[in-house]
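Participant: Could you put the whole structure together from the sequences, leaning on the hints where they help?
2 protein chains.
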Amino acid sequence: MTRAFNFSAGPAALPAEVLQQAAEEMLDWHGAGMGVMEMSHRGREFMSILAQAQADLRELLAVPDNYRILFMQGGALAENAIIPMNLLGQRPDERRTADYVVTGAWSVKSQKEARRYCDVNIAASTEADKFTRLPAQAEWRLSKDPAYVHVCTNETIHGVEYFWTPDLAAAGLPDVPLVADVSSHILSRPLDVSRFGVIYGGAQKNIGPSGLTLVIVRDDLLDRSLPVCPTAFHWKTVAENDSMYNTPPTYAIYIAGLVFQWLKRRGGLAAMEAQNKAKAELLYGYLDNSGFYRTAVAKDCRSRMNVPFFLHDETLNDVFLAGARERGLLQLKGHKSVGGMRASIYNAMPLEGVTALVDYLREFERSHG
Amino acid sequence: MTRAFNFSAGPAALPAEVLQQAAEEMLDWHGAGMGVMEMSHRGREFMSILAQAQADLRELLAVPDNYRILFMQGGALAENAIIPMNLLGQRPDERRTADYVVTGAWSVKSQKEARRYCDVNIAASTEADKFTRLPAQAEWRLSKDPAYVHVCTNETIHGVEYFWTPDLAAAGLPDVPLVADVSSHILSRPLDVSRFGVIYGGAQKNIGPSGLTLVIVRDDLLDRSLPVCPTAFHWKTVAENDSMYNTPPTYAIYIAGLVFQWLKRRGGLAAMEAQNKAKAELLYGYLDNSGFYRTAVAKDCRSRMNVPFFLHDETLNDVFLAGARERGLLQLKGHKSVGGMRASIYNAMPLEGVTALVDYLREFERSHG
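Protein sequences, first through last, are from chains A and B. With UniProt numbering, the residue at position 152 of the first sequence is 152, and numbering never jumps. With UniProt numbering, the residue at position 34 of the second sequence is 34, and numbering never jumps.
Keep in mind the hints are simulated off the structure, nothing from the lab. Yeah, the Cβ is synthetic: ideal placement off N, Cα and C, and Gly gets one too. Incorrect hints may have been included.
Pair by pair, the computed Cβ-Cβ distance ranges are [claimed, not checked]:
1) PRO227(A) - GLU314(B): 40 to 46 Å
2) ARG266(A) - ALA55(B): 49 to 55 Å
3) LEU316(A) - SER48(B): 25 to 31 Å
4) ALA322(B) - SER337(A): 56 to 62 Å
5) ASP223(B) - ASP359(A): 49 to 55 Å
Simulated coverage check for chain A against chain B, where a stretch passes if three residues somewhere in it have a Cβ under 8 Å from a Cβ of chain B [to be verified]:
6) 12-22
7) 29-43
8) 180-191
9) 197-211
To spell it out: a stretch of chain B is covered by chain A in this simulated footprint if at least three of its residues, at any positions, have a beta carbon under 8 Å from a beta carbon of chain A; those stretches are [unchecked claim]:
10) 5-16
11) 28-34
12) 187-193
13) 249-260
14) 327-337
Facilitator: Below is the structure:
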């Protein structure tokens, strides 16, 4: 089989150009006599790779100077613990409360993990609506003095995406940091980092390989940790050591750096947004006009990255997936908690991939409708 | 430059065969239409890679059935916190003591991190001897009721290695688990896992890329965690989810799996031990007979993996390193805390690499002695 169109939710498809370059450099990076995987993280070669990756990411996302870019490990699930461990240290026990807005499987997990370290106030939840919509900020019931407010701005499993940024100042909490899990849509479009205290995400959707966690933290939040926070996960320590307090996942950072360069060659995040919008419109447009398939998420918040959809006749699911596989359309099965299908169409998915999927949707509808 | 001999302490040289195979499979693994980095960790392709890696490692190390192999993240430095968080939960505050044997920079860090979670008793330390020897077990002053006893069986920075296994039963503590940081010599020779409660290590020396932590835990120790232990680092959760509670570092596991297969093709750990012994004897033999170089570690515990050495005339250090680099002998500079030089000669370093190093040592001695 040649390269297929891979709709995995993560780890996910990477640009072929990136993988090609990585393959070519595997045994000898730029004449160094060794591959990137074999380099001391403190040697000049890897230091240059790390510095370039940080600079490119800072440029792509227009990260303000008062924010630090941290490369960590453990994915968003580990960071769900690392966040409260880093943000609650300045508060006495009785003031350890954090607010969570629950909009899908990922924010459910985030708030659950935070309960190890603090009281959690669920400011809003759409669980009763099966996570098919976003609660407007007017619906939120924030607590009076939360240490932070947490949102997941794109729910990978439920396919719900924020196209607006919460405003805690408007809610009377101007000094409370907004913390966002951006794992599955970061770099898909421009983002105003200055609206957040912390953004974080696993790399394995839009950035690079799994095993790398990206955390971007505002300076004043670096050093509020609880004593139980492991040193390797203390943001200030990570920042002061330029993400090298412990040995970083060097190869994953290298691949992420190649992705950042690829994004720059493609015109940056505004260009990616245009392409991602076109891809999502093509796919949702077809699904909306079909009586054979259906989607569940409200139109104003359906994700451009993760598109869950269903066959009206679910007995055809296996036939659908087998046919997709035959046509080189891979990993379309929906998450077990939602069922049906899910097409994840991250940056690395070209328009042709979505076109091929829509062609198949049409063909399958014709032959089974 | 073609492939050099890379003496990095870690991330370290990998077998060229492994990198070659990884490069060939980068865009399309076994006809899957996608590379390993792009596979869902829950798909059949990656599941087979993971299962094979675990089975091969179990075979290589003869891991007993009552031990679980966990693939984690954060390296040994993170695990230094994860260990006490996992082993102290069954004890009330006043019984939270752990014993540490301090034999170099790594065990210094381990005991320091543990103090976040428990009282630490330093059972022995060779700091006064600048970590150039190992304290015999008869020198240890164990506490009466430690939750565990921690050793680092190969100190990467100081070049000190245990060639014996501590015996806690003989010390009157038959039920206390022995915990060992084996980062920098695991897989260099056979190891009797049954003598330990937990062994752990970062992969980036003898296993594969950085960003992967190997933890092997006896069943009865899986579920003793403190409430503050993040779920993603709770051994029982990791074990029950087959190292996939959070998205594992899939590509690092794949490379580790290729290394395990390479080790099996080479004859397993007994064969590696013979080769590693020959390499170490060649290098130490030359250094011992030279009046130009010196080593500092006692002969009965000098590491076969990490060989720190010094030029008597340290003003020649930079000239030495520049000449080495010209000859394709890379990353020989010693750790800043020890100074001088360090040759790390892990499994992937062939005998020819050590021969080339000794040839250079001789040549440099002749021209500068």
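Participant: Now tell me if each hint is right for this structure.
Facilitator: Hint check:
About 41 Å separates the C-beta atoms of PRO227(A) and GLU314(B), a value consistent with the hinted range of 40 to 46 Å. Roughly 41 Å separates the CB atoms of ARG266(A) and ALA55(B), a value that falls outside the hinted 49 to 55 Å. Between LEU316(A) and SER48(B) the CB atoms are about 28 Å apart, so this pair conforms to the stated range of 25 to 31 Å. ALA322(B) and SER337(A) have their C-beta atoms about 59 Å apart, which keeps the hinted 56 to 62 Å range intact.
About 51 Å separates the C-beta atoms of ASP223(B) and ASP359(A), a value consistent with the hinted range of 49 to 55 Å. With a cut-off of 8 Å between beta carbons, the region 12-22 of chain A has 7 residues touching chain B; three or more are needed, and the interface restraint holds. With 11 residues carrying a beta carbon less than 8 Å from a beta carbon of chain B, the region 29-43 of chain A meets the three-residue requirement, and the given coverage holds. Beta-carbon proximity to chain B at under 8 Å applies to 0 residues in the region 180-191 of chain A; the threshold of 3 is not reached and the given coverage is violated.
Given as covered by chain B, the region 197-211 of chain A passes the check, having 6 residues with a CB less than 8 Å from a CB of that chain where 3 are the minimum. With 9 residues carrying a beta carbon less than 8 Å from a beta carbon of chain A, the region 5-16 of chain B meets the three-residue requirement, and the given coverage holds. Counting residues of the region 28-34 of chain B whose CB falls under 8 Å from any CB of chain A gives 5; the rule of at least 3 is met. For a cut-off of 8 Å, the count of residues in the region 187-193 of chain B with a CB near a CB of chain A stands at 0, and the three-residue condition is violated.
Given as covered by chain A, the region 249-260 of chain B passes the check, having 5 residues with a CB less than 8 Å from a CB of that chain where 3 are the minimum. Coverage of the region 327-337 of chain B by chain A holds. Counting CB-CB distances below 8 Å, 3 residues qualify, and the rule asks for three or more.
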